[in-house]
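Student: Given next are the chains, with one letter for each unit.
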Amino acid sequence: MQWEVVIGLETHAQLQTNSKIFSGASTRFGAQPNTQACAVDLALPGVLPVLNRQAVEHAICFGLAVGAQISPASIFARKNYFYPDLPKGYQISQMEIPVVVGGQLEILVGDEVKFVQLTRAHMEEDAGKSVHEEGFIGPHGEASSGIDLNRAGTPLLEIVTEPVMRSAAEAVAYAKALHTLVVWLGVCDGNMQEGSFRCDANVSVRPLGQKEFGTRCEIKNLNSFRFLEEAIQYEVRRQIELIEDGGTVVQETRLYDPDRGETRSMRSKEDANDYRYFPDPDLLPVVIDDAWISAVRSKMPTLPAQLREQWQSEYGLSAYDTQLLTQDRDTARVFEDLLAIVGKPLAKAAANLIAGEFASALNRAGIATADAPLKAEHLAPLLTRVADGTISNKIAKDIFAILWEEVVAGKAISTVDEIIDAKGLKQISDSGALEAIIDQVLAANQKSVEEFRAGKEKAFNALVGQIMKASQGKANPGQVNELLRKKLS
Amino acid sequence: MSWHNTPIALMAKALAAKQVSSTELTQYFLDRIEAGKHWNAYLDVSAHLSLEQANKADQLISSGKARKLTGIPVAHKDVFVTRGWKSTAASKILAEYQSPFDATVVANLGIPSKENPSGAGMVCLGKTNMDEFAMGSSNENSAFGPVLNPWNAAHVAGGSSGGSAAAVAAGLAPIATGTDTGGSIRQPAAFCGLTGIKPTYGRVSRHGMIAYASSLDQAGPMGKTAEDCALLLSAMSSHDPRDSTSLADSGEDYGRYLNQAWQEGNSTANKPLAGLRVGLPKEFFAEGLSADVAKSVNEAAKTLENLGAKLVEVTLPKTKLSIPVYYVLAPAEASSNLSRFDGVRYGHRASEYKDLGDMYQKSRTEGFGAEVRRRILIGTYVLCHGYYDAYYLQAQKIRRIIAADFQAAFKDCDVILGPVAPDVAWRLGEKSKDPVQMYLEDIYTLSTNLAGLPAMSTPCGFNGNNLPIGMQLIGNYFSEARLLQVAHQYQQATDWHLRQASEVA
Chain E
189 MQWEVVIGLE THAQLQTNSK IFSGASTRFG AQPNTQACAV DLALPGVLPV LNRQAVEHAI
249 CFGLAVGAQI SPASIFARKN YFYPDLPKGY QISQMEIPVV VGGQLEILVG DEVKFVQLTR
309 AHMEEDAGKS VHEEGFIGPH GEASSGIDLN RAGTPLLEIV TEPVMRSAAE AVAYAKALHT
369 LVVWLGVCDG NMQEGSFRCD ANVSVRPLGQ KEFGTRCEIK NLNSFRFLEE AIQYEVRRQI
429 ELIEDGGTVV QETRLYDPDR GETRSMRSKE DANDYRYFPD PDLLPVVIDD AWISAVRSKM
489 PTLPAQLREQ WQSEYGLSAY DTQLLTQDRD TARVFEDLLA IVGKPLAKAA ANLIAGEFAS
549 ALNRAGIATA DAPLKAEHLA PLLTRVADGT ISNKIAKDIF AILWEEVVAG KAISTVDEII
609 DAKGLKQISD SGALEAIIDQ VLAANQKSVE EFRAGKEKAF NALVGQIMKA SQGKANPGQV
669 NELLRKKLS
Chain Y
6 MSWHNTPIAL MAKALAAKQV SSTELTQYFL DRIEAGKHWN AYLDVSAHLS LEQANKADQL
66 ISSGKARKLT GIPVAHKDVF VTRGWKSTAA SKILAEYQSP FDATVVANLG IPSKENPSGA
126 GMVCLGKTNM DEFAMGSSNE NSAFGPVLNP WNAAHVAGGS SGGSAAAVAA GLAPIATGTD
186 TGGSIRQPAA FCGLTGIKPT YGRVSRHGMI AYASSLDQAG PMGKTAEDCA LLLSAMSSHD
246 PRDSTSLADS GEDYGRYLNQ AWQEGNSTAN KPLAGLRVGL PKEFFAEGLS ADVAKSVNEA
306 AKTLENLGAK LVEVTLPKTK LSIPVYYVLA PAEASSNLSR FDGVRYGHRA SEYKDLGDMY
366 QKSRTEGFGA EVRRRILIGT YVLCHGYYDA YYLQAQKIRR IIAADFQAAF KDCDVILGPV
426 APDVAWRLGE KSKDPVQMYL EDIYTLSTNL AGLPAMSTPC GFNGNNLPIG MQLIGNYFSE
486 ARLLQVAHQY QQATDWHLRQ ASEVA
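Taken in sequence, the protein lines are chains E and Y. Sequential numbering of the first sequence, starting at 189, is according to my numbering. Sequential numbering of the second sequence, starting at 6, is according to my numbering.
Just chain Y, same shape as in the assembly:
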């Protein structure tokens, strides 16, 4: 049985029917991880820890205490702290760091225990590679080497959740967690042919997520199908008293609309999306968008239309400004969030130094990579006395306008459709010389983080070189279940999400 091609929705059924044990599944993926090391998708794997968890999961299953996802393996982005596995955020400064506690996401998904009685019972396969501290769009900023794209090893996997994306795309994990500060779930999902969703800010606890930009960071699932993402998101999200920005728990089943028509009472089988208004922001289809991506996304729009949706043009006039706004605010927060990595209490400390200042300087210079240092410098600069009003405050004002623009657009549509990125995965090294060029790749994803809106990526085609193309669906606050419904209906009508890279199949 090729479990790596199996959505977790089916895996859950096989486990429940005792067709396979968690231990067997876990061993299967551990073997694939071992054989697939060249993708560099994982930073830390510990077979005995995973098998220990699988054993506990099997006991839960045999004693009838299993929950929906109990026994299914999952890979965690290394931005989530875990007991047992190292938690490095792909940075040298945390190279050997072991956390004394689990992130809420890890606990919510993990084996239930006394401190964590409501754990979903999933098995951790290990920690996936990423751009250092989630800063990057290609996973080339990892201190432990880039992740290769399973569709073409000469191309990037996207970032910052590139390890999670490659792990699922290469069949090294059935599903994975990611985080998205400016597109870090959606873009690697698009580059690797996966489905991924960044929920509304506050849906998923940030406790135990190593912070990059606190007001933008949000965790979400990356899997093969919208249904899988709905399953994982339902288990991930919860109100967390340890995160003041965590939303009240709605106890939502994000998969509740998957197999329903958009409009209640609509029984026209071939028009399940009748009544849905899909907004196409003209700014998302303007200059800068590659022809291949434009073609695929437009075809996807047609498909949705065929399913009964109505297409409307909308406008998000400040789209271009989302790049400078994001690259002021995110580095500002990052410069402060990363101050704790000072070599005093944990993490890397330079081996020789003259005095305290020298210790700080050397430890941080040695410990942080170039992109992280760049963003700390930018962030420090924009918060400085005399520049704060011109940069930080101004950016916050535009952030509000961007959020208001979305609300205006949602008067005319229910979801917004557009590309995830201007182009497909680029070649390794192609853009690493020019950070600004790399920043421009985030143009379609940043604004939703700035507004705090839910948005997802789902496969909608391939370019001429057989590299995956993703489309983006953006919804209003708290509309994750509706976004997943649209994506699921689209996936019932298409097979882009089921395609496998030839090297992986």
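Excised from the complex, chain E in its bound form:
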């Protein structure tokens, strides 16, 4: 039987604000336990929540970026359940009317552009953290768990998709695109180790062609793209095997264990809480008028999708190239800076440089694009000197490596022309000099010459390679080709 996989994701993105969503306590990560929990976060008697305006603006910003509707009056509701790291005994969230409704996100799966439809995005507060370590002793001497409320009240945006993804690869592509977008917009710092961006995956399978969805399982708290992919792949296999063995999938919440590479049942639907949602009477509806939306829109950066479309149509770049160039705002900025110097005709070469050498050098060195020591003005001559025939592509790559070494060694950065002169890297375009080299090479490689004459095109390339080698890479490849053809004909 052929199976179809159905996946929907719920992503919690921590909204980047200085203070918590309903209190003035700091949201900074890594402080000593409970040092960033004020009376409101502790839910002391008499405290009340007051909504953080910045959190709402981030939500609006996200909604606009995905082409969603912004609710003119969204409602905060209380989700009631008891847990020691939930101080009020309820979480303030949004239920019936979320701040963001609908929208879609463009993703690239392989070479194919797809759109993932969003159901909604709503604001809510995070809970605190239970710390299960040895050494915590309760009031009666019993072993206990610790509670750290620093996280309690951290603003989150929960972004929910429709069940439209059909493979783990699609889900990962979506999660990556979403991650790029929220970081791009500045609404989330995207730090997955610190829990700023985490996904829950709803996974089900059904026989290909069947209309009804299968029973789904929700895998909670996946905090890396790799875990997301592995967890979904495991879960899909598990469900298919279960059904094929005559069993049925039970709706439940599962956890992924990365050490064992498997998902495990956490609680079944029967054990699920009745959260008794109702509108929070301590908070007013979040009224968002057109003026507020316009103000947020005016501060928004150009979106990655807009840049991709623009660069594809204006510069003829591929979907793949533009995807790489818009992986984050800093990369896009370097590309734009570079393009401003070298001009539109060199767009493809600029894209190759940024997405190629430049990105991989930064990646190897573990340096963020924003902190890149080589700027557009350092890089631009590499492209212009190739374009005007001074150096070959190959030499340009070598020069980039030299520049990078200088940077790593903490030396003053040379100009590209200085390196060309100092190392004598200028391309040989003088046909007399080139012919001399070619003649030498032909004389030394009679076998290849014969092979070529016998019809082996490959032998031609081998000869070009030898000529380039003999010229230490400086021979103008176009001219070499031309001259060689002439000589062999």
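In case anyone wonders, no lab produced these hints; they're calculated from the structure. The beta carbon of each residue, even a glycine, is placed where N, CA and C say it ideally should be. Only true hints are included.
Straight-line distance between alpha carbons at most 25 Å, and here's what the computed PhoX-like set of lysine-lysine pairs gives:
{"no.": "1", "chain 1": "E", "residue 1": "K317", "chain 2": "Y", "residue 2": "K367"}
{"no.": "2", "chain 1": "Y", "residue 1": "K367", "chain 2": "E", "residue 2": "K267"}
{"no.": "3", "chain 1": "Y", "residue 1": "K402", "chain 2": "E", "residue 2": "K267"}
{"no.": "4", "chain 1": "E", "residue 1": "K317", "chain 2": "Y", "residue 2": "K359"}
{"no.": "5", "chain 1": "E", "residue 1": "K267", "chain 2": "E", "residue 2": "K408"}
{"no.": "6", "chain 1": "Y", "residue 1": "K300", "chain 2": "Y", "residue 2": "K323"}
Below, a sample of chain E positions facing chain Y; criterion: calculated Cβ distance under 10 Å:
{"no.": "7", "residue": "L230"}
{"no.": "8", "residue": "L239"}
{"no.": "9", "residue": "N268"}
{"no.": "10", "residue": "Y271"}
{"no.": "11", "residue": "Y278"}
{"no.": "12", "residue": "P467"}
{"no.": "13", "residue": "P469"}
{"no.": "14", "residue": "L472"}
Computed Cβ-Cβ distance ranges for the label pairs, DEER-style:
{"no.": "15", "chain 1": "Y", "residue 1": "A158", "chain 2": "E", "residue 2": "S456", "range": "56 to 66 Å"}
{"no.": "16", "chain 1": "E", "residue 1": "N379", "chain 2": "Y", "residue 2": "K119", "range": "37 to 47 Å"}
{"no.": "17", "chain 1": "Y", "residue 1": "S295", "chain 2": "E", "residue 2": "S456", "range": "55 to 65 Å"}
{"no.": "18", "chain 1": "Y", "residue 1": "L398", "chain 2": "E", "residue 2": "G218", "range": "39 to 49 Å"}
Since the structure of chain E is provided, determine the placement of chain Y on it from the hints.
Tutor: Then chain Y, alone, in the frame of chain E:
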């Protein structure tokens, strides 16, 4: 000088004229509190804290920095959190709880300080008894024993602000704060012969008020006269950025109309209320109202008529439904508001338990009284999946209709007059066996909380057993100053509010 019979309006004058010091006044009331312990009006008194504040108030007065109410003692309902005094909401679950901050009401009225530069400079006498978490109509639901009615110790003081009412009625405080979720200021004021006002929802900050039902809770003053209430309310209310439901500050002097005629330019001395239309809702005078109360309220209506007002009949057709609506919505909110009392971070925790669930269960069962447990159960039930639409949502819809009914009535009248409660204070224990019987006592007060309207209680007579009767004045949104004006004019023409219980005088 018998300061306990003196309205704070006069006390302020005596302080300003240096006829008495704040320290003397404070000591006077502390002595009376000590001697009047049997009323069980206070839950926590700390003489040295009060005298410390009085000393600061005296310094403010002598250095010319005093405000209108500086130096006057005030008692706070224990639902307001305070630094220094325990804040228990009359519950065992918070029996030893000390708040690290003051409620906005407490700060607004208190001694000015760096964090609270605009404090009125009043002196806190202590925390008054109440029904646990403000749930009750008789003050019999306090974990620390019932409050006795100063007019007759065998009767209840009313609730939930029974301690504040008894404290003022027994002369243990010149004025007190209360809160009113379904009548908890107006009904004990009526039962103890006082004046009390529940302002428009949002007038007074709920920050630092231990929440019962957030969409209904509203604080207000309880005193001897409408003028005193106007003074205290003016100092209590403010916009508070820490309460999202707090109204923008109008900086109102709620006493600005007290001595004015209802209509501008009316100079007929004996008809100050000419032009005022007083609406009498027929549903408020129907079956269930005791003859004594009906008689007194009707006489009060006549008095207002004599003062120039015109009486009109109005209708509030959903009055009866306010009871089920209230007893769905208030418990629903309460069930959630009281979830934070879980024994984890503060408050009572059971001494022995097997696991987390057992700890929750035992701590909460031991910590909450029967009525609080009942309302948590009701509230939990009506919010449950499958019942929400039938109960909670339906109740919210009727709530809107009730509010709309008031707006319709206010087309024909300026204020609504009716009884506060069907009868006078009942005997201790008389209704505690039957919670529904107790809930029915709230029939005339609940609807204003549901609508968010201001309403007040002022004395208008006594029954055959010399127990006080109160009348209720309900106004449209933001009309507190007008309500107080009508009550003040009524009090100029009557002396019910000046009567003292024989044991107290």
